Amino acid sequence: MSAERKVDHSAIRTNQVFIIGLLALAFVLNQPLLVAFVAAVMIVGTIWPDAALFKRIYRHVLRPAGLVRPDVIRDNPEPHRFAQGLGGTFTALSFVALLAGASLIGWGLAWLVIVLAGLNLFLGWCAGCTVYYLLNRLGVPGFDHRRLEAG
Amino acid sequence: MDRILLFSIIVLLLVMAFVILRRWQLRRVARQAATDPLLSDLHPDVPTIVYFTSPYCAPCQTRQKPALRVLQDDLGEGVQIVEVNALEDPDAARRWGVLSVPTTFILDGRGMPHEVNYGVAGVEKLKRQLQKVSGGKHPPGRILAHGSHIGTH
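Protein chains in written order, with our numbering: chain A, 1 to 151; chain B, 1 to 153.
In case anyone wonders, no lab produced these hints; they're calculated from the structure.
Quantities reported herein were computed from a predicted structural model and do not represent experimental measurements.
Fair warning: there could be bad hints in the mix.
[Unchecked claim] Computed, partial: chain A to chain B, Cβ under 7 Å: (1) V28; (2) R74; (3) G124.
Backbone N, C-alpha and C define an ideal beta-carbon position, used for all residues, glycine too.
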């Protein structure tokens, strides 16, 4: 079963580029609605992976146009989805804080998401995946997938 | 305008924090390089790549390892590669301050670290770094001769 588990890391990286870019733009323009938009895309993409907007842009525009080459490797999709859900939750909390007038907390959370997405994009370290595998090792229900031995 | 300035300052601070962290890590490794067990069997005067990996690291197997293999094929005895399984040797990972894999360190012929790459480092990047630590003289002919060939892959 595990042999069939594949993840296109180019789709994940494209997703991160959009998240970083749009949240940075939201900060510069002081536009909480853009934060809400990013949070919505991330949360929807976590619940319905096929509806993930930034990944769809990769699949239907960037990849067919040859702008981004696929990088499909043996991996579990669940930790990446969990990481996106975690990022989406922080981004949603950021929006709520901004709406409540707590701009320091709001933009602080947005920057946290930017930094964590940046760590994954540039250094290949996925914080959310680390949390997922830690919860798996602790036997927390729902976190059923162990790290795959690379083939 | 204020927010663009603030954004630039935050990005600059993050980049600075990264650079400082990287330097601190290299200094820390340099301090204990002379006695580190990983480097005890190295040939002197040959640049070294210390490559931290783990069996669960997919990019290590699909991208980093093939890149190192190409490099080894090209440079032959002009480079030595030390592969470390960070799960089997967590002490080494701790000594070298490795938090994620793949991580590669570039050492000069005296075993002093000069560069550290977090995440996958491609063949060309590794060649440039090796050329730098060997002062552009240790196998420069081979690096340049094969550089264009590898670039076509």
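How about G124/A: closest beta carbon in chain B under 7 Å, or not?
3 Å, holds
May I ask you to test the interface hint for R74/A with respect to chain B, counting a Cβ-Cβ separation under 7 Å as satisfied?
5 Å, holds
Given V28/A was flagged as interface, is its beta-carbon under 7 Å from a beta-carbon of chain B?
5 Å, holds
In summary, this structure violates none of the numbered hints.
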